[in-house]
Amino acid sequence: MSDTAAFPTRSSQRASRRPLQAPQALRTLLRSPLGMLGLAWLVVIVVASLTAPLWLPYPIEYQDFSAVLAGPSAAHLLGTDELGRDVLSRIFAAGAGSLITTFLAAVVAIGVALPLALIAAASSARIETIINRVTEIAMSIPALVIIIAVIGAVGTNLYLVMTCLGLLIAGGIYRVFVGQAKSLQSQLYVDAAEVDGLRPAMVSIRHILPNMATTIFVQFVLVFAIGLMLQAGLAFIGFGPQPPEPSWGGLIQSASKQIYVHPWLMVPTGLVLVFTVLGANAVADTLAGGQGAPPSQVALGPEARRRRRELKAAAPVAVESAPEGMLIVKGLTIGVDDGPELVSSVSFEVAPGTVLGVVGESGCGKTLTALSLVGLLPPGVNPREGSIRWGARDLARLDESGLAAIRGREIGFVGQEPMRALDPMFTIGYQLAGAVRRLRGVGKADARAEAASLLGKVGIVDAERVLRSYPHQISGGMAQRVAIALALAGRPKLLIADEPTTALDVTVQAEILSLLRGLVAETGMSMVMVTHDFGVVADICDEVVVMYAGQVIESGTVHDVLGAAEHPYTTALLAADPHAGLGVVGQERLASIPGQVPQPRDWPTGCRFADRCAFAQPQCVVPVPLIARDRGDGGVRCVRVHELQLGRLDDPVPLDAATPVDGGADPTAPTTAAAPARNGKVRS
Amino acid sequence: MILFVIKRFALAVTTVFVVSVLVFLLVHAGDTTPGVVAVGIGGTQEQIEAYNEQIGWYDPLIVQYLAWLGSALTGDLGTSLTNGSDVLDEILRRFPVTASLAFGATVVSSVLGVVLGVTAAVRRGLADRLVSVFAGMGAAVPAFWLGIVLVFVFAVQSSLLPATGYVRFEDSPSGWFSSLVLPVLTLAIGGAAFIARQTRASMLEALGQEYIRTLRATAMPTWRILYVHALRSASLPIVASIALQFIALFGGSIIVEVLFALPGLGVAVQGAVGQADAPAVQGIVVVATLVVVVVNLLLELTNSFLDPKLRTS
Amino acid sequence: MTAETLNAADVYAGIGDAPPPVLEIEDLVVRYGRGRAALAAPPAVDRVSLSIQPGETVGLVGESGSGKTTIGRAVLGLERVTSGSIRFNGRDVTNLSAKERRALGGDLRAVFQDPYSSLNPRLTIGSSLAEPLRIAGVTAADAAARAGAMLESVGLPADAAARYPRQFSGGQRQRIAVARALITNPSLVICDEPVSALDLSTQAQVLNLLADLRAERKLSYLFIAHDIGVVGFLAQRVVVLYRGQVMESGPAANVTTAPVHPFTQALTAASPVPRPAEQAARRAAREASGVKTAGNADFAGVGCPFAARCPLATELCRTERPPLRAVGGSLAACHYAEEAAARPIA
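Chains L, P and A are the protein sequences, given in the same order.
The first sequence maps to residues 1 to 684 in the working numbering.
The second sequence maps to residues 1 to 313 in the working numbering.
The third sequence maps to residues 1 to 346 in the working numbering.
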């Protein structure tokens with residue numbers, strides 16, 4: 001379960017989309033030049049404004065009659081206004097007032113929105129609805145119009161005006177907060193705290209609030225920026241603060257009267273305002289950037305161009321043609337562009353009409369291997385070496401248009417999450433008939449009829465109703481049938497199935513496996529089945545490759561690999577499977593493997609499993625090739641395979657003696673229990 | 001779906017009602033009574049009192065509000081204290097100006113924002129950075145400032161377009177158009193920046209979804225994935241952001257009207273507030289809110305129609 | 001360990017001088033939502049009764065939507081109970097307030113499914129562990145010491161207390177979650193799918209840890225899982241749920257190896273074993289059994305919820321809800337349990 005957050009794999013998406021933590025947020029800010037610049041400007045402006053009386057070149061009311069409406073000069077760095085007053089001095093003297101009142105707007109907005117969001121998230125649906133409605137009303141009021149009406153009633157009292165702004169804007173801020181507060185409220189650690197009997201208010205303060213810190217700060221800065229703009233705008237139309245008190249709005253107000261006479265006067269104050277708003281936005285953007293979108297599924301722009309260039313530049317490799325319907329993968333290495341290797345030199349073959357299982361734990365590269373067979377690797381992750389031979393073509397060296405010609409028509413793909421595999425915006429009929437039209441070049445009416453018959457083929461009885469449905473209207477099992485129908489739309493000769501049953505209930509899984517098995521038998525297509533479940537392998541596969549840390553560590557027929565596993569990892573994993581003991585009563589302990597799958601950057605040069613292996617010896621630190629199986633066809637990546645003869649044990653279930661007690665060891669330390677020489681029989 | 005429409009409609013009515021109460025209270029909170037304004041500078045205290053008495057200014061607030069609401073519902077928003085004209089007539093006369101401006105700016109900012117946002121998300125690299133810079137600047141430059149720059153470039157320096165003033169559509173369609181170009185642009189840039197950011201983010205979000213992989217696996221051409229499927233899914237948040245933007249644009253039109261001397265509702269509300277013209281302030285604010293709420297409601301219903309989950313419920 | 005767990009089961013069998021159960025759930029009903037529409041739909045949990053003896057582990061198995069997680073949450077006070085009662089160590093704990101839950105003093109605890117969301121990312125492991133103790137009024141120093149000791153007993157170094165959740169892998173976090181549950185010395189722990197998010201090798205580590213701690217501390221578990229293999233490993237007694245109702249309950253060995261309810265049979269038959277020849281036979285038997293697809297088998301709330309998929313279902317099943325009754329060594333809610341039990345099934 002080691003999440004490789006740096007790489008765009010499925011498991012990392014979940015982790016990378018979590019809200020930024022405060023220390024992390026600060027680091028993000030420090031790393032971004034734009035964010036730093038924004039922060040620096042804000043600090044300078046705030047400090048300079050608050051300390052203005054100490055350093056200003058001129059008193060704010062000092063009038064230089066010799067330089068009325070002058071441009072920048074040595075005496076007046078930013079020029080003078082219509083009364084000959086120094087603009088620089090006035091800007092910074094005004095700063096404190098403008099900043100403090102704007103600050104007030106932000107405080108009011110956050111101060112109202114945050115408690116409401118926390119209450120809404122923690123309360124019943126009814127209270128949340130009430131709060132939602134009230135804030136929606138606040139959001140659809142044209143704020144500027146109301147604020148002008150307020151000014152009409154009470155005059156240009158900036159504190160009051162900014163408080164009003166804060167109140168009016170709080171609705172929008174609340175919407176941002178409540179979304180996050182609700183998702184935090186549904187976290188299991190909140191449940192855990194409630195089980196403990198922690199008071200609801202304390203739950204909010206201790207478990208919700210700290211996790212919202214970044215969002216709160218971002219919104220604070222954004223309201224601040226809006227407040228500054230609004231103050232200036234009000235001043236421009238004559239509702240600014242009244243003289244003699246200088247304020248940025250007031251400066252702009254008086255400058256706006258001189259627009260056609262002396263436009264320069266608008267420049268200094270305007271720029272200070274613009275830069276301050278820009279700075280605030282830059283800080284907010286940088287902090288919010290960490291919560292950005294998931295990595296794109298389509299290579300676009302520079303990424304796509306780079307891949308095209310690489311493929312063009314690569315020397316054409318003479319590729320032996322694979323026999324019709326045969327997939328031959330040789331020495332396939334996949335890596336992140338300019339990053340680590342994720343799959344190392346994987347080789348296997350899939351003969352027509354057979355099912356190959358690719359099995360392993362998460363983070364072992366099995367999904368990436370499967371995706372590469374259809375050219376569906378995430379952008380920025382590409383094959384580096386080796387070949388994927390399919391007919392006369394090498395899929396590892398094919399460009400996007402070449403792959404598009406193969407996808408769906410020759411090689412189909414079914415993914416893990418059926419509910420996310422279908423576009424929620426379109427009906428199933430539209431998606432399925434569209435695929436049929438594209439892949440078979442038939443007309444609209446024929447495609448629709450074919451779509452219905454495809455649904456029948458995957459065991460959907462009321463095809464017409466399902467065709468009219470949207471994805472959200474059908475169950476997960478049904479959605480997976482539809483996804484399989486989509487994959488079959490172009491009558492492919494090879495189906496790549498990436499954990500197609502993992503998200504389903506076990507009775508539905510059995511149905512889908514039966515369906516797939518029937519399709520293979522009926523159409524003669526071959527299949528690559530990625531799974532972490534040895535039971536699924538036993539059910540549907542003919543051949544199997546076991547992957548660990550990006551490598552194939554064992555391969556062979558299902559009978560050999562599951563019945564007489566030879567690699568210590570495979571034997572240990574099989575022993576850890578509680579289903580192995582299904583029906584076996586009184587099993588006291590499961591065999592387990594200490595530690596966890598290493599991350600790609602930590603892969604050793606020698607045997608990648610050695611750290612966790614009960615049989616590891618000094619000779620295991622050298623790179624291990626795939627050695628022919630002790631019995632049967634296939635390979636095992638273990639230097640001790642012939643010596644250990646794990647596959648010859650009568651009882652394939654090893655026991656506690658073989659694996660160190662999982663409880664005691666520091667998972668990062670190498671295996672502590674010495675590997676017992678185990679050549680004889682073992683006891684259950 | 002029907003229930004949803006009813007709920008949104010009820011909320012819209014509530015919003016207008018809340019604003020009308022709010023403005024009513026604000027008008028009464030000021031220290032200038034209508035009499036002072038209506039009678040004028042030379043008036044005596046008795047004249048002022050008499051005027052106030054006559055319009056019922058000293059009645060209980062609730063009675064006054066209900067009276068106002070009653071006549072407002074029949075289309076009578078009272079008469080202006082300063083020039084005695086009918087407030088509703090005045091609003092109707094000025095409405096086309098503000099409407100042209102606000103709708104023009106909404107259309108321009110939507111088109112510009114969506115095009116830029118999609119380009120940034122799809123082309124990445126330099127295009128993405130340029131749009132980011134535009135979005136950043138657009139959000140930070142105050143409208144009046146931008147307006148002045150535009151006037152300087154297009155009117156003062158090159159006289160391609162009129163600097164200020166409004167030509168009615170009935171008088172000269174082309175004149176109407178050119179009188180609106182600069183105001184609409186001024187108002188639209190900030191909105192376009194906002195919508196471009198939203199569009200870019202929604203497109204990227206859509207492109208990260210797993211169904212995109214299914215589409216690729218069934219050999220859908222990339223352009224179709226981008227402009228049919230990703231854009232379709234991004235359309236929901238984009239329309240929502242346009243709805244929000246309209247509110248801001250309608251408010252922002254006050255500033256632009258003042259800058260370009262357009263005789264719209266914004267200038268009217270500025271004047272009415274400045275002169276404490278209570279009936280005018282009340283009328284204009286309520287009508288402005290009504291327009292915003294109606295447009296917002298329409299956009300929201302559009303959005304719910306775009307969402308299959310809401311439509312099929 | 002074996003001796004003790006067998007004792008617990010024996011004690012349960014010999015009803016005579018049984019100690020009072022740790023947990024007694026009677027006729028539990030939980031409905032989601034309110035209003036007419038919610039009342040028309042079948043409840044998420046529908047008249048479920050079960051009890052757990054001291055030192056016993058009861059497995060709660062079912063597919064998605066079976067109500068198993070809801071039952072766990074109702075016991076923990078996280079879900080509002082519509083009717084029925086939950087007694088914990090003889091005390092009514094139905095719909096307790098936060099204050100009343102506090103008074104339980106950490107005797108009833110939970111381990112949740114997702115190791116990524118069960119620990120607050122902003123708190124150190126130490127302060128997450130200390131929280132329940134601090135709520136119970138333990139001093140900070142004592143709580144820290146106990147947190148360190150607890151971490152060691154789940155196989156983590158004591159200095160882990162100073163680190164943050166993101167520095168640990170999924171399996172390690174689940175150990176931490178176990179430590180957090182056990183730090184108050186509870187008598188009952190609700191384990192809600194504690195290993196389903198973990199890989200095989202880590203899953204085995206956590207299951208073994210749970211088994212060891214149970215032996216050491218005489219714990220009772222309500223072990224909730226969708227995987228009958230996992231439940232069969234840890235539980236002495238298994239309760240099988242379908243659409244909020246108990247289908248079958250009995251000793252783990254009976255339920256997993258000789259199920260008498262057609263649904264339990266379908267569930268065990270569908271669970272694939274990693275032995276190709278055996279699995280082929282199981283698959284053939286399953287395909288021959290005539291269980292219908294889960295597809296869109298709607299349940300309106302009348303009769304047996306499994307009737308739409310059941311190969312043995314008759315008109316009786318569709319109109320009358322079968323009562324839970326003794327069949328063989330188990331209890332089954334099926335009109336035709338005897339016939340079902342007699343069928344050859346994998």
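Simulated from the structure, these hints should not be mistaken for laboratory data.
Incorrect hints may have been included.
To be verified - Cut-off 35 Å, straight-line C-alpha distance, at most; resulting in silico cross-link-like pairs (DSBU-like, lysine-lysine):
#1 Lys309/P - Lys99/A
#2 Lys309/P - Lys182/L
#3 Lys218/A - Lys99/A
#4 Lys444/L - Lys457/L
#5 Lys218/A - Lys457/L
#6 Lys7/P - Lys457/L
#7 Lys444/L - Lys309/P
Claimed, not checked - Beta-carbon label-pair distances, calculated as ranges:
#8 Val47/L - Leu130/P: 25 to 35 Å
#9 Gln242/L - Phe152/P: 43 to 53 Å
#10 Gly441/L - Tyr32/A: 23 to 33 Å
#11 Ala155/P - Gln242/L: 23 to 33 Å
#12 Phe4/P - Gly443/L: 57 to 67 Å
#13 Met202/L - Gly90/A: 49 to 59 Å
#14 Asp462/L - Glu338/A: 33 to 43 Å
#15 Tyr32/A - Phe103/L: 23 to 33 Å
Keep in mind that this is a model prediction, so the values were computed, not measured.
Backbone N, C-alpha and C fix where the C-beta goes; we use that ideal spot for every residue, glycine too.
Evaluated hints:
In summary, the hint linking Lys309/P to Lys99/A is not supported, as the alpha carbons are separated by about 40 Å, beyond the 35 Å threshold. A threshold of 35 Å between alpha carbons decides the hint, and for Lys309/P with Lys182/L the separation of about 21 Å falls inside it, so the pair holds. As the CA atoms of Lys218/A and Lys99/A are separated by approximately 27 Å, the hinted pair is consistent with the 35 Å bound. About 20 Å separates the Cα atoms of Lys444/L and Lys457/L, which keeps this hinted pair within 35 Å; it holds.
Taking the CA atoms of Lys218/A and Lys457/L, the gap is about 54 Å. The hint is violated against a cut of 35 Å. Straight-line distance between C-alpha atoms of Lys7/P and Lys457/L comes to about 44 Å, which puts the hinted pair past the 35 Å bound. Simply put, Lys444/L and Lys309/P have alpha-carbon atoms about 26 Å apart, close enough for the 35 Å limit, and the pair holds. At roughly 33 Å, the beta carbons of Val47/L and Leu130/P sit within the given window of 25 to 35 Å.
Between Gln242/L and Phe152/P the CB atoms are about 29 Å apart, so this pair departs from the stated range of 43 to 53 Å. As the Cβ distance of Gly441/L to Tyr32/A is approximately 48 Å, the hint placing it in 23 to 33 Å is violated. Distance hint check: the CB atoms of Ala155/P and Gln242/L are about 31 Å apart, consistent with the given range 23 to 33 Å. Against the hinted window of 57 to 67 Å, the Cβ-Cβ separation of Phe4/P and Gly443/L comes to about 38 Å, which falls outside the hint.
Checked against the hint of 49 to 59 Å, the pair Met202/L and Gly90/A fails, with Cβ atoms roughly 29 Å apart. Taking the beta carbon of each, Asp462/L and Glu338/A are about 35 Å apart, inside 33 to 43 Å as hinted. Taking 23 to 33 Å as the suggested C-beta distance range, the pair Tyr32/A and Phe103/L does not conform, at roughly 44 Å.
Violated hints for the displayed structure, listed by number in ascending order: 1, 5, 6, 9, 10, 12, 13, 15.
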